[in-house]
Amino acid sequence: MDVEDIEIQLFVQAMRLRHGHDFSEYAPASLKRRVQQLVRTHESGTVVRLVDRILHEEGFLPRVIEGLSVPVSEMFRDPAVFRSLRDKVLPVLASYPEINIWQAGCAHGQEVYSLAILLEEAGLYERSRIYATDFNDAALAVAAEGIYATREARVWSRNYIEAGGSHSFSDYYSARYDFIKLDQRLRRNVTFLNHNLVTDEVFCEAHLILCRNVLIYFSNALQDRTLGLFRDSLVRGGFLCLGTRENIDFSPAASCFTHIDGALRIYQLGGSGAKALKK
Amino acid sequence: MTARAAIAIGCSAGGLVALERLLPGLDPRLPVPIVVCCHTGSPDVGLLVELLGRHSVLPVKEAHEREAADPGTVHVAPSGYHLLVESNFHFSLSVDAKVAYARPSIDVLFETAAAAWRERLVAVLMTGANSDGAQGLKAVRDTGGYAIVQDPSTAEADVMPRAGLDIAGADACLPLDAIAAALNRLCMS
Ligand SMILES: C[S@@+](CC[C@H](N)C(=O)[O-])C[C@H]1O[C@@H](n2cnc3c(N)ncnc32)[C@H](O)[C@@H]1O
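For the protein sequence lines, the chains are A and B, in the order given. Residue 173 in the working numbering sits at position 173 of the first sequence, and the numbers go up by one each step. Residue 172 in the working numbering sits at position 172 of the second sequence, and the numbers go up by one each step.
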């Protein structure tokens, strides 16, 4: 076995035994790259020296979590997905007196604000609550602030239009120098929470769950466990939206979801089998 | 001689035309998977897959996460995602930050393919206007894999093959039209 692969295993063990963070079911190739990146960021030379700090250094853990989380996102990424949510999902959600949405793996919050804008424009925001979760506290803090680099706003503005936005994207932020700040009224019904998909349980009853580009980092077994968690959190007929290149063909838990828009990975809890599984 | 088990190809500017010339020359009985990372700048790689499919003797498809790298198939990295090869020769995807300004990045594909196939990998770096792939090619050579670089003078954009030669060197530096035959030889023996 390659020495570095042995070191990665020691890293995973140290995170689990010392801090209760279990990365053993993450897809190994990405995990390895991220650990290598951590070694560079902290100039520790080898993974084992990083493990030493994980075991002994007070306050080091959050920095490791930050390095392993890689909260890369965009507003209205894959505009067709947000258009489909607007056209096909929101009209169904409109029939509920209260709408609970869980955004799992919300990173820096770009998709939280995107969702809030969709709900606002559909006239549903007042009766909605968005639970935005991630296991990276630093990312959650950035998400709550809603401040992003101005250079990103151009792409996001185009995405917003392609997603069928009915206003001007610039109505939703104020620009200052190199930064834009999203209108903080957009988060009046948002709750930011630390939730770890590997270890934490169901915490709300949701009508829509968005979890895009998070499961791609999970092994088949962990993907299946997480889809089971989503199934147990959704009301019957609730919706699930995953990243556009995710593949759930190998997950037994996925069999209780039916396609609404297969190419865009939008599913609904229901169809045969769903009733038996749902209390 | 080591029997080669997989081919990884990286290209950027001019890549479509180069691939359209390379793929028809491959042996239809080629018993190894071919994995392609080509920067297109388009949000959907579907068109590239279709165009290549018209020229290729082997089936061309977008690479899907969690699926195996199939022998005799050309798997193309989707737009906007890094394509990685796991040690069990299945694909995984990531939306981690761009590498060398690119996602998908050739470095990411080459480095993970090198870790998976080691000395049984053949990597090909072709035309392109940036230096993505050079570090990856170095990883391929460091693990004993075989590196082919397109002769820069036959490349539509020569920055990428030149960077590959500078940083990693090559086991063979070939004009575009000689690459397919070399791959057939390396993988059919
Ligand atoms: C690539 S981002 C996805 C952002 C956004 N959903 C998108 O698609 O643009 C992945 C996020 O998943 C989070 N994540 C990874 N593992 C997690 C876990 N076990 N529990 C909760 N969040 C996790 C990371 O912290 C990161 O913010």
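The hints are simulated quantities; they were obtained by calculation from the structure and are not laboratory data. You may find that some hints are simply not true.
Here are a few chain A residues that face chain B, going by a calculated C-beta distance under 8 Å [stated by the list, open to error]:
#1 29
#2 70
#3 213
#4 217
Stretch-level coverage of chain B by chain A, calculated; a stretch enters the list once three of its residues show a Cβ under 8 Å from a Cβ in chain A [stated by the list, open to error]:
#5 60 to 74
#6 86 to 92
#7 95 to 106
Beta-carbon label-pair distances, calculated as ranges [as the list claims (entries may be wrong)]:
#8 B:153 to A:62: 41 to 47 Å
#9 A:255 to B:129: 22 to 28 Å
#10 B:46 to A:158: 49 to 55 Å
#11 B:142 to A:58: 33 to 39 Å
By construction, the Cβ of each residue, glycine as well, lies at the ideal position given by its N, Cα and C atoms.
Hint check:
1. Proximity of residue 29 of chain A to chain B holds as hinted, the smallest CB-CB distance being about 4 Å (cut-off 8 Å).
2. With a cut of 8 Å, the hint placing residue 70 of chain A at the interface with chain B holds, because the nearest CB-to-CB distance is about 5 Å.
3. For residue 213 of chain A, the interface hint holds, since its Cβ comes within 8 Å of a Cβ in chain B; the closest pair sits about 5 Å apart.
4. Checking residue 217 of chain A against chain B: minimum C-beta separation of about 7 Å stays under 8 Å; hint holds.
5. With 4 residues having a beta carbon nearer than 8 Å to a beta carbon of chain A, the region 60 to 74 of chain B meets the requirement of three or more and the stated coverage holds.
6. Given a C-beta distance limit of less than 8 Å, the hint that chain A covers the region 86 to 92 of chain B holds, as 3 residues qualify and 3 suffice.
7. Here's how the region 95 to 106 of chain B fares: 3 of its residues keep a CB closer than 8 Å to some CB of chain A, so the rule of at least three is met and the hint holds.
8. For the pair residue 153 of chain B and residue 62 of chain A, the beta carbons lie near 52 Å from each other, so the given range of 41 to 47 Å is not met.
9. Checking the proposed 22 to 28 Å range against residue 255 of chain A and residue 129 of chain B shows it is violated: the Cβ atoms sit about 46 Å from each other.
10. Taken as a hint, the range 49 to 55 Å is violated for the pair residue 46 of chain B and residue 158 of chain A, whose Cβ atoms sit roughly 20 Å apart.
11. Between residue 142 of chain B and residue 58 of chain A the CB atoms are about 37 Å apart, so this pair conforms to the stated range of 33 to 39 Å.
The structure fails hints 8, 9, 10 (numbered hints given earlier, in ascending order).
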